[in-house]
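**Q** For reference, the chains in residue letters:
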Amino acid sequence: MSDVVLFGILWVILTILGEIGVSLWGHNMYYYMASTQAIEGNHAAIFLMIFLTPIFMFVVLMLFFVPFRFRAKDGDRKVKAATFKTNRTFISIWVTVSVCVNVLFFIHPTASAAEMMFQEANPANQQNTLIVDVVARQWQWYFSYPQYGVTNTVNANGFNDLYLPVGRKVEFVLRSYDPNHTYDPNLDVVHDLWIPAFGIKEDVIPGETRFMYVTPNVITSFEKNPMVRVQCAEVCGPGHPYMWAPVHVVSSSNFATWIAQQKKQNG
Amino acid sequence: MSSHVKSSRTLNAEERMALNTSRGGFTILIASQIVPFVMLVNLRYILSGSYVSSGLDQATGAVFTILFIISAITAYAGIQATNRSDSKASARMSVLTMVLGWIAVIMMSYQFWMHAFQTDGRFGEGYLVTIGAFVIYFIASLVGLLSGKMRASRVGIDDSNRFSIGASFKFWIFLQLMWVVLYVVYYFI
Amino acid sequence: MSTLELRPDISPVPQVVKSKRMPPVIRGILWSAIGFLVINTLISYVLDPRYGHPFITQVSITFGWFAAMVGWVLGVGAWEGAVLPAFGHHGTLYTAPGWKRFFEYSTEHKVIGLQYIGSSAGGFFIAGLAAMLMRLELMNNSMWLFNYPQQYLTTVGIHGTIMMFSVGTVALVGGLGNYLVPLMIGSNTSAFPRMSGISVLLVPFGIVTVALSPLLGYWSTGWRGYEPLASQDPSGILFYYLGVFALTLSSLLVSINLTATVIFKRAPGMTWGRLPMFAWGITTVSLLNIIWLPEIQLTFVMSLVNRLVPLPLFTATGSPLTYMELFWLFGHPEVYIVVVPALALWQEIIPVMTRKPLFARQWGVIGLIFVMMLSGFVWAHHMFTNMRNVEMMPFSFFTEMISIPTGFAYLVALGTLWRGRLKFNTVSLLVLMSMFNFLIGGMTGVFLADPIINLQAHDTFFVVGHFHYTIIGGMVFSWLAAMYYWLPKMSGRMYNERLGKIGAIWIFLAFNLTFSQFFLLGLHGMNRWVSVYPSYLQPMNFETSIFAFLLGLGFLFHLVHIWWAWRAGQKAEGNPWESKSVEWITASPPAEESFPVIPRIVSSTYTYDNDEPAVIIPSDGKRVATTS
Amino acid sequence: MANEEPQEKKKVEVDWSRRQFLIGTGALTVVGLGAMFLNEPVAAAVRSVFGQQPESGPITVLQGDYFYIPNYMTWRVGDQISMTIHNTSTTHFHEMQIGRGFNTMPTALQTIRTQFAEDFWKGVPVTITAAQGIDNFVTNEAKISSDVHPTPWLLTQPGNGGFSPTMKPGGQITLSFTVPNKPGIWHYACFVQGYMHWLAGMRGTINILPA
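Chains as they are written, first to last, in numbering that gives the first Met the number 0: chain G, 0 to 266; chain F, 0 to 188; chain W, 0 to 627; chain P, 0 to 210.
Simulated from the structure, these hints should not be mistaken for lab results.
Keep in mind that the hints are not guaranteed to be accurate.
Dumping the calculated EDC-like pairs for lysine to aspartate or glutamate here, alpha-carbon to alpha-carbon at most 16 Å [claimed, not checked]:
1) 422/W x 577/W
2) 181/P x 14/P
3) 79/G x 610/W
4) 168/G x 39/G
5) 99/W x 14/P
6) 99/W x 608/W
7) 87/F x 14/F
8) 99/W x 12/P
9) 168/G x 119/G
10) 72/G x 610/W
11) 168/G x 132/G
12) 570/W x 496/W
13) 167/P x 134/P
14) 121/P x 140/P
15) 167/P x 177/G
16) 84/G x 577/W
17) 167/P x 119/G
18) 422/W x 542/W
19) 79/G x 577/W
20) 181/P x 117/P
21) 79/G x 591/W
Listed next, with one range per pair, are the computed distances between beta-carbon atoms [what the hints assert, rightly or not]:
22) 602/W x 21/P: 43 to 53 Å
23) 618/W x 27/P: 45 to 55 Å
24) 157/F x 271/W: 54 to 64 Å
25) 178/G x 87/P: 23 to 33 Å
26) 272/W x 50/F: 32 to 42 Å
27) 50/G x 537/W: 46 to 56 Å
28) 33/P x 389/W: 27 to 37 Å
29) 50/F x 55/P: 49 to 59 Å
30) 59/F x 78/P: 57 to 67 Å
31) 89/W x 53/F: 52 to 62 Å
Cβ coordinates follow ideal geometry from the N, Cα and C atoms, glycine included.
Chain G on its own, in the form it takes in the complex (with noise of 0.2 Å):
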């Protein structure tokens, strides 16, 4: 008994002290956030580890605990292991918890947030979305502000950059195609666009048109932090790792700034 009663204590204590640990670092798991969906994926993930915390506790406690309390000395052959081959009331608990926990899992985080990006997608919901048209091609991503008469946005030097005002749901549209060789559909493969800081990706696949909404919550850009960039996550050949672009998240008047000045641009 006094076996059990030790793992217990020292258990009890694990999970105070993980659980400390989870309410200090926790917040910090996803490094940079700057849209509420990676403030949700990071509730999320907060979440599963405060209960994820005493089963983990449990057993890797055991694990330690085992060769330190239950171990034969050399010699010592003596002393004879336990003979029981079940326990129904710790099967019962361990089968009831895993149960349980599963669910739990299913019902929060997983099906709420799920529940919320439904939402976000929902026609309803989507008065003032900023549309984003994308287009991935080897190795190159091209962004349009349809609703501004805006395609291609690029930078004085040339290179594709994404704007996006802050607080204002963005609706990116995403297809995966070369708009300078139509001709051509063997080179479309499947790109995958992500942004490390908003806490999202989707694939653009060839022939299919896909959707992904998200809200900046943070003025930012990619020189205060290199996660704020468009980077493909999905291997699409040799150019795979040069296929990424800045992303500013600016105030609205900066963003209606920065439109009128890419129209100029456009001609």
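On the provided structure of chain G, position chains F, W and P as indicated by the hints.
**A** This is chains F, W and P only, laid out in the frame that chain G set:
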């Protein structure tokens, strides 16, 4: 499949176990080889729904499908002969089966080349892959039949090889059943 | 000692005929080269002669490769061993003495098992070398080791393909399974020894094919062969398809063989209720293989045809998603194919090491079976980033649920460990480490099963860290534990306990320090398949690489240690762990005929609560056993 | 098929040579490794030992993903050359620029090479004698005369980048010219698709010998 193996004597426990092992392994093999055919049927609907190309002539298809079915019947006769330990009849039946199979496959490829499908059409590409997969199985099965035939005529049929010679026929029958399914799926629905 | 031990019968030493016979491996290579040249020439010059065609075309090399494979298999000995008898001739199977048996066609399951283990280990170190090259390249954030990004991507592909199809799928099933399952169930042979002798020859052939793929051009898809990128790749991808075909064919044949062995070759008294856990694991994995390997084979054949003809099956005008579905339909069960035998190994080894009956055995079996069944329902969690939202939910659900039966492996292992008398040696240390690593692999899997987190972590180093924790941490550590555990059985010699523990701690630390940082790298914005990355990630990549090299050296250390112990280790007792399992009543190493008398199993082999033997040698058997 | 009978064959022990086995497998390993890792140095060494005859008359350059065959050529000043560039890729379009030095574009990840700084074709009279499946043809400052129909793909104004014929998949073009008096080492490369083909290894070298 044929469980009534007639033997000159009753099998002892060890031999019966060996026979069961062979049967079990063969059944597992067949089970695993059903998977690709299920995929081919699926592929057909994923690619082209229930569309059937007008270039496809059901009548010619029916002729070689019937040839395949007849070859399955001769293969069944081959199993019977093998079970009777009649090595001459078994060898004869495998030759007959192989000849029928060859004629059918030549008709199949003739039809394929004559009505050259646009292989980049949704229907044509699935059809091509299916025919190709079938022909590969066909060749593997021919090798099996040939080895059974050679054994039957060279060393005769006895308890040690009866199952394996029979198995080459059974695999053939399995393949022809699969073709009937593919024929219906590709030529009609 | 309580268990009976059989002394191998000293049969008259066969006469060794000195002859000028060509070494079988050399003959296999020669026949393979002849087969390739004949078929390749036939296709490129006779059947498909186009003006100005090069000698080697994509079509000719595909068929030439098949001829080479057949030539290799026949040349090594299948010609005399399997083909001539199948066509009614009497082939004479020559065997050479000593170690040379391992370089010949063989029908003995123990030789085949060791051939599998050797081939897998070869694949592990070839693919490991590729991993070292990758880490070397990633030490700097620009191209410096490789000249072109394609070379890096090809290295990634070779690493993944060889690790998955020749180590993950093969080492525990083809290797330990072939060696141990017949021994564990008291049989002298596997069900289909000749087929097994052929299937093992496909492994080295497949590994060499994949490893030489750069000769045909650098391919960029990684081990998943994603379309439509694969159809743009240079011809190197052909050797990916073909090599994988050989390797999966080998695993499929192994599975058919071992399933039939478990079902039909059990010794008297070896009921399903007494079947060793490892045999259970191999059975469930074999069923997974039998369902899913033909599926992936046909998928790859379609991809191959897709590019040879060419067809637009999976391109923009076809359906790229179809390929992904087909690939992951196999791809996720594959993960369990890798891990399930490792879970079974824990349950096999722990009762022996704790001298305690296996805890909640039926839950362990239920766990293995349910993992097998559920694994077919979870594939699309690899595709959260490219499916419509509503489709995510069922896959997310099953993905989370599959952790329940996986957890049963922990239930059984922990329950057995509790209040046992743990023999704390290299073997149990490695098993505990494997449980720790797989726990982290599993828990990070819970995060990945959650779509909203998955959308951030997918296709990043987070995922790479996750599956390396399950596969290296879970499977490779268990493989090593098993190698140490059965080393006295396979070689009759004992490893050095101190060196073994040092090695175990070494790889444990190096492994965790390498791959735990992968999680952080991924969350910090490091995507996969990149040889060039933003500079802020460079310091962490640099130190990760250092630990990765230490890990590589650690595995090399184990290889050398096991090699040394095998050749020159201390002679081991017949049953050093005092196990009650059937395999330990044979001689160590077992004679060609493992059981001169087929044993009878009288109780579960995990009943360490009494001293009664679980296995007896019937006295009315062919030969009288001697006790030691 | 998947079944076995009891083994009736005699097992006979026949030894074979350990030495043959080791030498054979060792030699094959060396050949395999050499073919994998040393093909470029070996090709360069062979070239430096045996030299290379200058090519003239009709020559063919094949383009693939992402390489040229050949990737090394020797020309001599004053020779008449009729060069056919054939894009053998079924998926990608490719170009062929010849020049020296690089124009670059800075990005945060790295500096990208966009094209050659010095155009080999500047002032060179070139005749297009055959063309098929052309995406576009920038002539820059070359003096183009054409036997084939002038087509919309011919961009003759300078300012569109360096001289480069860009072929669609399967396309080909034949250029006839006399090697100008520009001896030395020149490079050729493909910079299309965001300048990535050059990075992926689509490059070659021309050694132009003085007359």
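**Q** Against this structure, judge whether each hint is valid.
**A** Here's how the hints hold up against the structure:
For a cut-off of 16 Å, the pair hint linking residue 422/W to residue 577/W stands: about 11 Å separates their Cα positions. About 67 Å separates the Cα atoms of residue 181/P and residue 14/P, which puts this hinted pair outside 16 Å; it is violated. Between residue 79/G and residue 610/W the alpha-carbon distance is near 12 Å, which keeps this suggested pair within the 16 Å criterion. A threshold of 16 Å between alpha carbons decides the hint, and for residue 168/G with residue 39/G the separation of about 15 Å falls inside it, so the pair holds.
This hinted pair checks out: residue 99/W and residue 14/P have alpha carbons roughly 8 Å apart, not beyond 16 Å. With a C-alpha separation of about 43 Å, the suggested pairing of residue 99/W with residue 608/W is violated against the 16 Å cut-off. Of the supplied pair hints, the one linking residue 87/F and residue 14/F is violated, its CA atoms being roughly 25 Å apart against a limit of 16 Å. Of the supplied pair hints, the one linking residue 99/W and residue 12/P holds, its CA atoms being roughly 11 Å apart against a limit of 16 Å.
Distance hint between residue 168/G and residue 119/G is fulfilled; the C-alpha atoms sit about 9 Å from each other, no more than 16 Å. A distance of roughly 20 Å separates the Cα atoms of residue 72/G and residue 610/W; the hinted pair therefore is violated under the 16 Å criterion. Restraint check for residue 168/G and residue 132/G: satisfied, since their Cα atoms lie roughly 14 Å apart, inside the 16 Å limit. The suggested pairing of residue 570/W with residue 496/W holds, with an alpha-carbon distance near 13 Å, which does not exceed 16 Å.
Between the alpha carbons of residue 167/P and residue 134/P the distance comes to roughly 5 Å, so the proposed pair stays at or under 16 Å and holds. Between residue 121/P and residue 140/P, the direct Cα distance comes to roughly 5 Å. Compliance with the 16 Å bound is thereby established for this hinted pair. Using a Cα cut-off of 16 Å, the hinted pair residue 167/P and residue 177/G holds, with the two alpha carbons roughly 13 Å apart. Proposed proximity of residue 84/G and residue 577/W is contradicted: the alpha carbons are some 19 Å apart, above 16 Å.
A threshold of 16 Å between alpha carbons decides the hint, and for residue 167/P with residue 119/G the separation of about 42 Å lies outside it, so the pair is violated. For the hint pairing residue 422/W with residue 542/W, the CA-to-CA distance comes to about 36 Å; that exceeds 16 Å, so the pair is violated. Restraint check: the Cα-Cα separation between residue 79/G and residue 577/W comes to about 14 Å, which is no more than 16 Å; the hinted pair holds. Taken as a hint, the residue 181/P and residue 117/P pair is honoured in the structure, with Cα atoms around 12 Å apart against an allowance of 16 Å.
Between the alpha carbons of residue 79/G and residue 591/W the distance comes to roughly 37 Å, so the proposed pair goes past 16 Å and is violated. One distance hint, 43 to 53 Å for the beta-carbon pair residue 602/W and residue 21/P, holds here, with the actual separation near 49 Å. One distance hint, 45 to 55 Å for the beta-carbon pair residue 618/W and residue 27/P, holds here, with the actual separation near 53 Å. The hinted window of 54 to 64 Å between residue 157/F and residue 271/W is violated, with their beta carbons roughly 33 Å apart.
At roughly 25 Å, the beta-carbon separation of residue 178/G and residue 87/P lies within the given 23 to 33 Å, and the hint holds. Take residue 272/W and residue 50/F: their Cβ atoms lie about 53 Å apart, and the range 32 to 42 Å is violated. The hinted range of 46 to 56 Å is not satisfied by residue 50/G and residue 537/W, whose Cβ atoms lie roughly 35 Å apart. Restraint check, residue 33/P to residue 389/W: a C-beta distance of roughly 55 Å breaks the suggested window 27 to 37 Å.
Distance hint for residue 50/F and residue 55/P: a CB-CB separation of about 56 Å, consistent with the stated range 49 to 59 Å. Range check, residue 59/F to residue 78/P: Cβ separation about 60 Å, and the 57 to 67 Å hint holds. Between residue 89/W and residue 53/F the C-beta distance comes to about 56 Å, which sits within the given range of 52 to 62 Å.
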